[in-house]
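Please construct the entire structure, taking both the sequences and the accompanying hints into account.
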Amino acid sequence: MNRRRFLLWSSASVTVISGGLYWSSPALQDPTGRYSTSTLAALNAITPLILPSLRNDPQATQAFVQVFIEGIKTLSASQQKAFDALFQLLIHPASKRFICGIWSDWEVASPETIERMLSRWRNSRWALLNQAYNGLVQLTAALYYGHPNQWALAHYSGPPAQVRAALGR
Amino acid sequence: MPQQPPWQQPHWQVFDARELHSDSLKSDVIVIGSGAGGAVTANVLAQSGLKVTLIEEGSLKTSADFQMEELPAYRDLYQDSGSRMTEDGAIHIFQGKAVGGTTLVNWTSSFRTPKQTLDHWHQEWDFDANAQAMQIYFERMEKRLNISPWRVPPNANNDVLKRGCEVLSLKHDVIPRNVQACWNLGYCGMGCPTNAKQSMLVTEIPQALDKGATLVTNGQAVAFTHKNGLIQSLVVKPTHSSSTSSIHLSAQHYVVAGGAINSPALLLRSHFPDPYQRLGKRTFLHPVNASAALFNERIDAFYGAPQSIYSDAFQWQMGTTGPVGFKLEVPPIHPALAAQMLGVHGDTLQAYMKRLPHIHACIALLRDGFHEESLGGEVRLRDDLTPGLHYPVTEYLWEGFNRAYLAMAEIQFAAGASAVMPLHHDAGQYWNWSQAKEAIKQLPQRIHRARLLSAHVMGGCTASQDPRKGVVDSYGQHHQIRNCHVIDGSLFPTSVGANPQLSIYAFALRNAERLAHQLTS
Ligand SMILES: Cc1cc2nc3c(=O)[nH]c(=O)nc-3n(C[C@H](O)[C@H](O)[C@H](O)COP(=O)(O)OP(=O)(O)OC[C@H]3O[C@@H](n4cnc5c(N)ncnc54)[C@H](O)[C@@H]3O)c2cc1C
Ligand code: SF4
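Chains A and B, in that order, are what the protein sequence lines are. Numbers given in our numbering equal positions in the first sequence, counted from 1, plus 10. Numbers given in our numbering equal positions in the second sequence, counted from 1, plus 1116.
Hints listed in this document are in silico derivations from the structure and should not be mistaken for laboratory results. Just so you know, not all the hints are guaranteed correct.
Said to hold, decoys possible - So these bits of chain B aren't anywhere near chain A, every CB distance computed over 12 Å: (1) Ser-1199; (2) Pro-1270; (3) Glu-1554; (4) Arg-1565.
Stated by the list, open to error - Facing chain B, a subset of chain A residues (Cβ under 8 Å, in silico): (5) Ile-60; (6) Leu-64; (7) Pro-68; (8) Ser-86; (9) Tyr-155.
Said to hold, decoys possible - Covered stretches of chain A, as calculated for chain B (at least 3 residues, CB under 8 Å): (10) 125-134; (11) 156-164; (12) 167-173.
Beta carbons are placed, not taken as given, at the ideal position from N, Cα and C, and that holds for glycine.
Here is the structure:
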């Protein structure tokens, strides 16, 4: 099977965040469109807590974070803005402490603290945090399990071999 | 072997919008959007001898491109790469964007417009249609698209719905599908790789091209220029061009068929007169909630015709305009969509994904727009002129979602589920019906907690003979702009109360034939 380009898709729309919490903040992207090291550090720290099979595998985690970032770039402008706002939330010193509950640098944040953040966001009565959780977790999960390399984790063997052969795929 | 894709005929006129210059195409009619409404319209007009240009903002992809993989399909074939949502992020919206429109990726269920719906439109919306007059159009489209009830046994995912309904004595039936020599694979949502699905890509569009219609791909209709109630030209921007330059095309008549959300957006960008403030209002979604269930046996909901059994037991039970009715169906479940819909992370996500072959899911499609409090949503333009849908999830809908969670869980247990999980952040895994029943009643009615979606967007250019109630008349003629029709799902005054494609085909056939007659006589 062809190795497919990575892509797309989310259920993000964290538009409320972009409306409400757009502080002036450290730049998310450098002028070439690459995400700042602090954004990447946050994503590298959070991703293995969403996807346990990436735990203890920083290389695979970093590779997937690139996939995730490429995926965001295929979304509509309004969705991309929503993700930018979400990333602000992760890296701005004030929101990082008081909304994410992370007092250290992301690089050294303990898995327990990050897990606590995810659970709190999911279970919060504050719709904004539910929405941030949904955006982050759902896009991550879809991009990860949607790729053929991960299908086996879901015991899905893809289109049956004889079908692929008959169709020349 | 699959049929050769019919996309290599030397006499066909197919262009990428980048290849065009202003006024380089001479046409009688320009049709915008190549989905259910636009393709049928273009074909009818072309068959009557009119010179038609069909403009599509998506790309031309054919069976040879379809890899049976979710992620490339969402990226290439869906609006906003599959990430479209209502403006508050509460409801995830799936719509197509490619030659063939949403018919390229839909799940092939083909229902006639219910009689209750047609009666309601006639009585409440001055909509000129009734079941008897429409019958011939349904029959003709069923014939054109080879629609008939699916004769093959349902896959295990659909069979759960069937068994559950049987045990509970709930009315259910087999779904008619628009397929020919279907391989029963289950990849309809990613583009049919065998050309079995009778989407617009392999039916109406090739026929129109044979009759001399021109297809323009990767060209977005940005806005019309108009004066004194007449469109003068259409501004088209190539989707894949880095330059901002656009071209002007003109014709005698224009048909807008970009689908709900996009069609009203085009008219909004064009500043069409809207004396009664109807444009973009009453956009409906058949909002969907879902219930997953675990079975000891394999369900393999990723394989087999995705939808073959439905139940309308809860659809009209409480009257046409009473508490919201819903249709019960099942979705195909592939890994990306499943991982997303589960809405969990970490070990819980991994544990569920490991059991993917044992997961069944049921969906309820709520019939919005019939009750006077069910006003649907409103399409408004964002600052960058892209459309956003403001769709409040009201108490009226929550009451329906709650009943639907209950109905789905009961059916799943009746069919032998070992556990049921309503897709809601506050729901757990329930091990029996009485436990589920108590817990579901307590579920908070809050957006971002219930996982809601829509694959059926309708309305926003309401059709009514009364200009105070509608944007267009029942035949799609715009009330204020004389050389403009809207012919797609956006003209329905409420949701359909059944998967909408056949309704759109049949009304397009009727309305386009009338338009062809007007333009040729
Ligand atoms: C996953 C999925 C499964 C579905 N399954 C079923 C099913 O089983 N049965 C059923 O009845 N229905 C189903 N539907 C819904 C059904 O396919 C749609 O309701 C129907 O195709 C809508 O027809 P339409 O003509 O209104 O618009 P569409 O078919 O969406 O076509 C509109 C086209 O216009 C193009 N366009 C929009 N704006 C512009 C512009 N400005 N310029 C140029 N082009 C433009 C779009 O790119 C698109 O290709 C499903 C939908 C989805 C997403
Ligand atoms: S189930 Fe049939 S129609 Fe759907 S993708 Fe497979 S062959 Fe095509």
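Hint check:
1. With a least CB separation of 5 Å from chain A, B:Ser-1199 falls inside the 12 Å interface cut-off, contrary to its annotation.
2. At roughly 18 Å, the least C-beta separation between B:Pro-1270 and chain A is larger than 12 Å, which holds for a residue marked as non-interface.
3. With a least beta-carbon separation of about 20 Å from chain A, B:Glu-1554 lies farther than 12 Å from that chain, consistent with its non-interface assignment.
4. Residue placement check: B:Arg-1565 does not keep its beta carbon more than 12 Å from all beta carbons of chain A (closest about 6 Å).
5. The interface hint given for A:Ile-60 is met, as the beta carbon of that residue sits about 4 Å from the closest beta carbon of chain B, less than 8 Å.
6. For A:Leu-64, the interface hint is violated, since its Cβ never comes within 8 Å of a Cβ in chain B; the closest pair sits about 10 Å apart.
7. For the restraint placing A:Pro-68 at the interface with chain B, the shortest Cβ-Cβ distance is roughly 18 Å, beyond the 8 Å limit, so the hint is violated.
8. Among the interface hints, the one on A:Ser-86 holds; its C-beta lies about 4 Å from the nearest C-beta in chain B, closer than the 8 Å criterion.
9. Hint status for A:Tyr-155: holds, given a least beta-carbon distance of 4 Å to chain B, under 8 Å.
10. Remark: the segment 125-134 of chain A is confirmed as covered by chain B, as 4 of its residues place a Cβ nearer than 8 Å to a Cβ of that chain, reaching the required three.
11. Taking a C-beta to C-beta cut-off of 8 Å, the segment 156-164 of chain A contributes 7 residues in contact with chain B, enough for the three needed, and the coverage statement holds.
12. Only residues whose beta carbon comes within less than 8 Å of a beta carbon in chain B count, and the segment 167-173 of chain A has 4; three or more means the coverage holds.
The structure fails to meet hints 1, 4, 6, 7 from the earlier list, while all remaining hints are met.
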